[in-house]
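Residue strings, one per chain:
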Amino acid sequence: MELTSCTPQQAADIRRILDAAAGSPGPLIQVLHAVQGVVGYLPADVLDYVADALYLPKSEVHGVATFYNFFRLDPAGKHTVTVCLGTACYVKGGAKILERLKKELGVAEGRTTADGLFTLDTARCFGACGLAPVMTVDEEVFGRLSPTKALAILEKYRSSTEDETAGSREVTHTAKVAKGRKHEA
Amino acid sequence: MERITVKIDGREIVTSPGRTILEVAVEHGIRIPTLCHLEGLSDVGACRLCIVDVRGQLVTSCTTRVADKMEVLTGTDAVRAYRRTILELLFAEGNHVCAFCVSNGGCELQDLACELEMHSVTVPYAYPRHRVDATHPRFLIDRDRCVLCGRCVRACGEVEGARTWNFAERGSQARVITDLDVDWGTAASCTSCGKCVEVCPTGAIVRKGESNGEMRKKPEVITRLKERRTHG
Ligand code: SF4
Ligand code: SF4
Ligand code: FES
Ligand code: FES
Numbered sequence: 001m002e003l004t005s006c007t008p009q010q011a012a013d014i015r016r017i018l019d020a021a022a023g024s025p026g027p028l029i030q031v032l033h034a035v036q037g038v039v040g041y042l043p044a045d046v047l048d049y050v051a052d053a054l055y056l057p058k059s060e061v062h063g064v065a066t067f068y069n070f071f072r073l074d075p076a077g078k079h080t081v082t083v084c085l086g087t088a089c090y091v092k093g094g095a096k097i098l099e100r101l102k103k104e105l106g107v108a109e110g111r112t113t114a115d116g117l118f119t120l121d122t123a124r125c126f127g128a129c130g131l132a133p134v135m136t137v138d139e140e141v142f143g144r145l146s147p148t149k150a151l152a153i154l155e156k157y158r159s160s161t162e163d164e165t166a167g168s169r170e171v172t173h174t175a176k177v178a179k180g181r182k183h184e185a
Numbered sequence: 001m002e003r004i005t006v007k008i009d010g011r012e013i014v015t016s017p018g019r020t021i022l023e024v025a026v027e028h029g030i031r032i033p034t035l036c037h038l039e040g041l042s043d044v045g046a047c048r049l050c051i052v053d054v055r056g057q058l059v060t061s062c063t064t065r066v067a068d069k070m071e072v073l074t075g076t077d078a079v080r081a082y083r084r085t086i087l088e089l090l091f092a093e094g095n096h097v098c099a100f101c102v103s104n105g106g107c108e109l110q111d112l113a114c115e116l117e118m119h120s121v122t123v124p125y126a127y128p129r130h131r132v133d134a135t136h137p138r139f140l141i142d143r144d145r146c147v148l149c150g151r152c153v154r155a156c157g158e159v160e161g162a163r164t165w166n167f168a169e170r171g172s173q174a175r176v177i178t179d180l181d182v183d184w185g186t187a188a189s190c191t192s193c194g195k196c197v198e199v200c201p202t203g204a205i206v207r208k209g210e211s212n213g214e215m216r217k218k219p220e221v222i223t224r225l226k227e228r229r230t231h232g
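For the record, the sequence lines run as chains A and B. Numbering-wise (the working numbering), the first sequence opens with residue 1 and increments by one. Numbering-wise (the working numbering), the second sequence opens with residue 1 and increments by one.
With the rest of the complex left out, here is chain B:
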């Protein structure tokens, strides 16, 4: 098998081509923050939080493949500052009032804010008014808490095969929708499997009946499912 050598944060790592920077880093215990990435789903580079420095260029590590003699820096001051700004923009783009969220304490966005030491949001808030849809008998979506990571879209499409979710519109109007933008409860393609609930990193798609700070998700069930299908 072809071997290549990459340098991540000064460490020489021998690996094989075709793998992403993120995969190689994770394998060697190097932590890179991610949000739209989920092991078991395809990578799309939607959130930009996993950016790293490759010889002065910022690239998303979840979608960039390693190459021989590549030099990667995962945690320079500049990279950390960019990540924090990206995170601030994600917060400012929605209505993430953690104290009144069922996912408080179990939210990947919130965890990232702690990890990246985002003490405040320095960009103006957009205060969107997207539609809450509670028409599904068991689940609901609060789109103001959606970060457009697309994990629901990919889990529903790639793993369940229902392809109920997709993105509609563009820019600040962009949002996830079910079928032809119908109420989720009437979306004929939905099998009510709950995969989108488990993979959604925030309090956007949640189970009904959970109260403040109660919602806990298990995105790893999708990772396991995919592994068993591939190797089982």
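Extracted from the complex, chain A is given alone in its bound form:
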């Protein structure tokens, strides 16, 4: 079977991983782990290939790949947006933020937008509960959010990407934080 989603080198690596796993009991999780290490995510044709090679039902392979947070079915987007659903953030409306972002970005948790710009993730507490509800974009932390504020922040990332493409200066680290802080008032 042709693995159209990866390079020939990656395909060869995947074959090597599967050969090494042959015969070992319950190899699925380790194999998926190693394969994701090679490709960066788990494309559908690779999952199909893994299922056949290990004689496992495809439904089980998909089940395992979607059960564990660690595995991703899309390549990571340019920015990873992580909404906190820890207790403090949940109580302060973290779930509403997530719902709104899912709707506006048109993706489920753990997936990447079609334009490859954002991957939407969730976490259980960043240790910044005083700022609840909290979301991070890559390494930046944004606190005291509302669904509308969260969306506005993503809009800025979107337009700064467009600016970048247009050759403008990138928003600096401090500027991004300041933008987030402004929303706390």
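None of these hints come from the bench; they were simulated from the model. One should not assume that every hint holds.
Below, a sample of chain B positions facing chain A; criterion: calculated Cβ distance under 10 Å [claimed, not checked]:
no., residue
1, VAL153
2, THR164
3, TRP165
4, PHE167
5, GLU169
Distance windows between CB atoms, simulated [to be verified]:
no., chain 1, residue 1, chain 2, residue 2, range
6, A, ALA22, B, ALA188, 15 to 25 Å
7, B, ASP111, A, ASN69, 31 to 41 Å
8, B, THR76, A, GLU104, 45 to 55 Å
9, A, ALA20, B, THR85, 41 to 51 Å
10, B, ASP183, A, CYS125, 30 to 40 Å
11, A, THR161, B, SER172, 30 to 40 Å
12, A, PHE67, B, ALA67, 26 to 36 Å
13, A, TYR55, B, PRO128, 25 to 35 Å
14, B, MET1, A, GLU2, 53 to 63 Å
15, B, CYS114, A, GLY40, 36 to 46 Å
16, B, ASP183, A, THR4, 12 to 22 Å
17, B, CYS114, A, ASN69, 35 to 45 Å
Simulated crosslink set (SDA-like; lysine to any residue; CA at most 25 Å straight-line) [said to hold, decoys possible]:
no., chain 1, residue 1, chain 2, residue 2
18, A, LYS103, B, VAL159
19, A, LYS92, A, THR82
20, A, LYS78, A, ALA108
21, A, LYS102, B, VAL182
22, A, LYS103, B, ARG175
23, B, LYS208, B, HIS231
24, A, LYS103, B, GLY171
25, A, LYS103, B, PHE167
26, A, LYS78, A, GLN36
27, A, LYS96, B, GLU93
28, A, LYS92, B, SER172
29, A, LYS103, B, SER172
30, A, LYS103, B, CYS193
31, A, LYS149, A, ASP121
32, A, LYS102, A, THR161
33, A, LYS92, B, TYR125
34, A, LYS102, B, ASP183
35, A, LYS96, A, ASP74
36, A, LYS102, B, ASP133
37, A, LYS96, B, ARG143
38, A, LYS103, B, ALA174
39, A, LYS102, B, PRO128
40, B, LYS208, B, GLY171
This structure is a prediction, so every number in the text was calculated from the model and none was measured. Just so it is clear, CB atoms sit at the ideal spot from N, CA and C, and this is done for glycine as well.
Starting from the known structure of chain A, fit chain B with the ligands onto it as the hints suggest.
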């Protein structure tokens, strides 16, 4: 053969070890509500409706084995109240609008609501929006009516051997899927045997062409099939 004595609702019962509380109870005419259990399939303890009290501990009777001198209470007020709450959560987690369901009148979830006297749902509804898949030529799945009992997964895997169904995702996103979450009609592993249809306790997996309240299922065909394979 080793014999043990258990007490269920005050009745002394002599039985053998290794059997589940549910098996022993059923054999002695003691009714315990169940949903994910189906005679002929393995037990997984998914629905929690069969809980009983074992010396103050709540355990699922379909997966807990009897032990010598075990004391089981199957219908205390507390146990009944817990079962009702579990049932309410199952209703609230899906969109079970019985009046507009092909399985109305032939649904195990609905029957349990009557049996457990669930008069209303006191927890907030989740109103999920799961995908309906009508791509299979003869069957369809309305996932909003799925209670994640896993009977389809086990019937398809353990009895038919196709292993088309499995669970994907977790928590409120959890759902049953076919193959790599493809449209059921394109799932290469499905033999279209219809076993998942017969065992699904609700109006989630149904035959096409049935209208409101018409769908009737025969989960016992799977029980018989398994018996014949084991003893025949
Ligand atoms: S029709 Fe048979 S093979 Fe197909 S999914 Fe249902 S139980 Fe499995
Ligand atoms: S589709 Fe039916 S049998 Fe399968 S898990 Fe859902 S309710 Fe149970
Ligand atoms: S709960 Fe969100 S940061 Fe602690
Ligand atoms: S019947 Fe025992 S947990 Fe469902």
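A quick look at each hint next to the structure:
1. VAL153: Holds. Min distance 8 Å.
2. THR164: Holds, because the Cβ-Cβ distance from THR164 of chain B to chain A comes to roughly 6 Å (cut-off 10 Å).
3. TRP165: holds (6 Å)
4. PHE167: Interface hint status for PHE167 of chain B: holds (5 Å vs cutoff 10 Å).
5. GLU169: holds (5 Å)
6. A:ALA22 - B:ALA188: 15 to 25 Å: Since ALA22 of chain A and ALA188 of chain B have Cβ atoms about 23 Å apart, the given range 15 to 25 Å holds.
7. B:ASP111 - A:ASN69: 31 to 41 Å: holds (37 Å)
8. B:THR76 - A:GLU104: 45 to 55 Å: Taking Cβ atoms as reference, THR76 of chain B and GLU104 of chain A lie about 49 Å apart, which means the hint holds.
9. A:ALA20 - B:THR85: 41 to 51 Å: holds (49 Å)
10. B:ASP183 - A:CYS125: 30 to 40 Å: Since the Cβ atoms of ASP183 of chain B and CYS125 of chain A sit about 38 Å apart, the hinted range of 30 to 40 Å holds.
11. A:THR161 - B:SER172: 30 to 40 Å: holds (31 Å)
12. A:PHE67 - B:ALA67: 26 to 36 Å: holds (33 Å)
13. A:TYR55 - B:PRO128: 25 to 35 Å: Given range 25 to 35 Å: holds, Cβ gap about 34 Å.
14. B:MET1 - A:GLU2: 53 to 63 Å: Between MET1 of chain B and GLU2 of chain A, where Cβ atoms are some 58 Å apart, the hint holds.
15. B:CYS114 - A:GLY40: 36 to 46 Å: Distance hint for CYS114 of chain B, GLY40 of chain A is violated at roughly 52 Å.
16. B:ASP183 - A:THR4: 12 to 22 Å: holds (20 Å)
17. B:CYS114 - A:ASN69: 35 to 45 Å: holds (40 Å)
18. A:LYS103 - B:VAL159: This hinted pair is violated, its Cα atoms lying about 40 Å apart.
19. A:LYS92 - A:THR82: holds (16 Å)
20. A:LYS78 - A:ALA108: Holds, because 17 Å separates the two Cα atoms, which is no more than 25 Å.
21. A:LYS102 - B:VAL182: Satisfied, since the Cα-Cα distance of roughly 22 Å is no more than 25 Å.
22. A:LYS103 - B:ARG175: holds (19 Å)
23. B:LYS208 - B:HIS231: It is violated: about 34 Å lies between the C-alpha atoms, which goes past 25 Å.
24. A:LYS103 - B:GLY171: Holds, because 19 Å separates the two Cα atoms, which is no more than 25 Å.
25. A:LYS103 - B:PHE167: holds (24 Å)
26. A:LYS78 - A:GLN36: holds (18 Å)
27. A:LYS96 - B:GLU93: Given pair LYS96 of chain A, GLU93 of chain B holds - Cα atoms ~18 Å apart, limit 25 Å.
28. A:LYS92 - B:SER172: holds (20 Å)
29. A:LYS103 - B:SER172: holds (16 Å)
30. A:LYS103 - B:CYS193: violated (37 Å)
31. A:LYS149 - A:ASP121: holds (17 Å)
32. A:LYS102 - A:THR161: Distance of about 20 Å is within 25 Å: holds.
33. A:LYS92 - B:TYR125: holds (20 Å)
34. A:LYS102 - B:ASP183: holds (23 Å)
35. A:LYS96 - A:ASP74: Holds: LYS96 of chain A and ASP74 of chain A sit about 24 Å apart, inside 25 Å.
36. A:LYS102 - B:ASP133: At roughly 22 Å apart (the allowed maximum being 25 Å), ASP133 of chain B and LYS102 of chain A satisfy the hint.
37. A:LYS96 - B:ARG143: holds (23 Å)
38. A:LYS103 - B:ALA174: holds (18 Å)
39. A:LYS102 - B:PRO128: Between LYS102 of chain A and PRO128 of chain B the Cα gap is close to 14 Å, so the pair holds against 25 Å.
40. B:LYS208 - B:GLY171: violated (29 Å)
Checked against the numbered hints given earlier, the structure breaks hints 15, 18, 23, 30 and 40 and satisfies all the rest.
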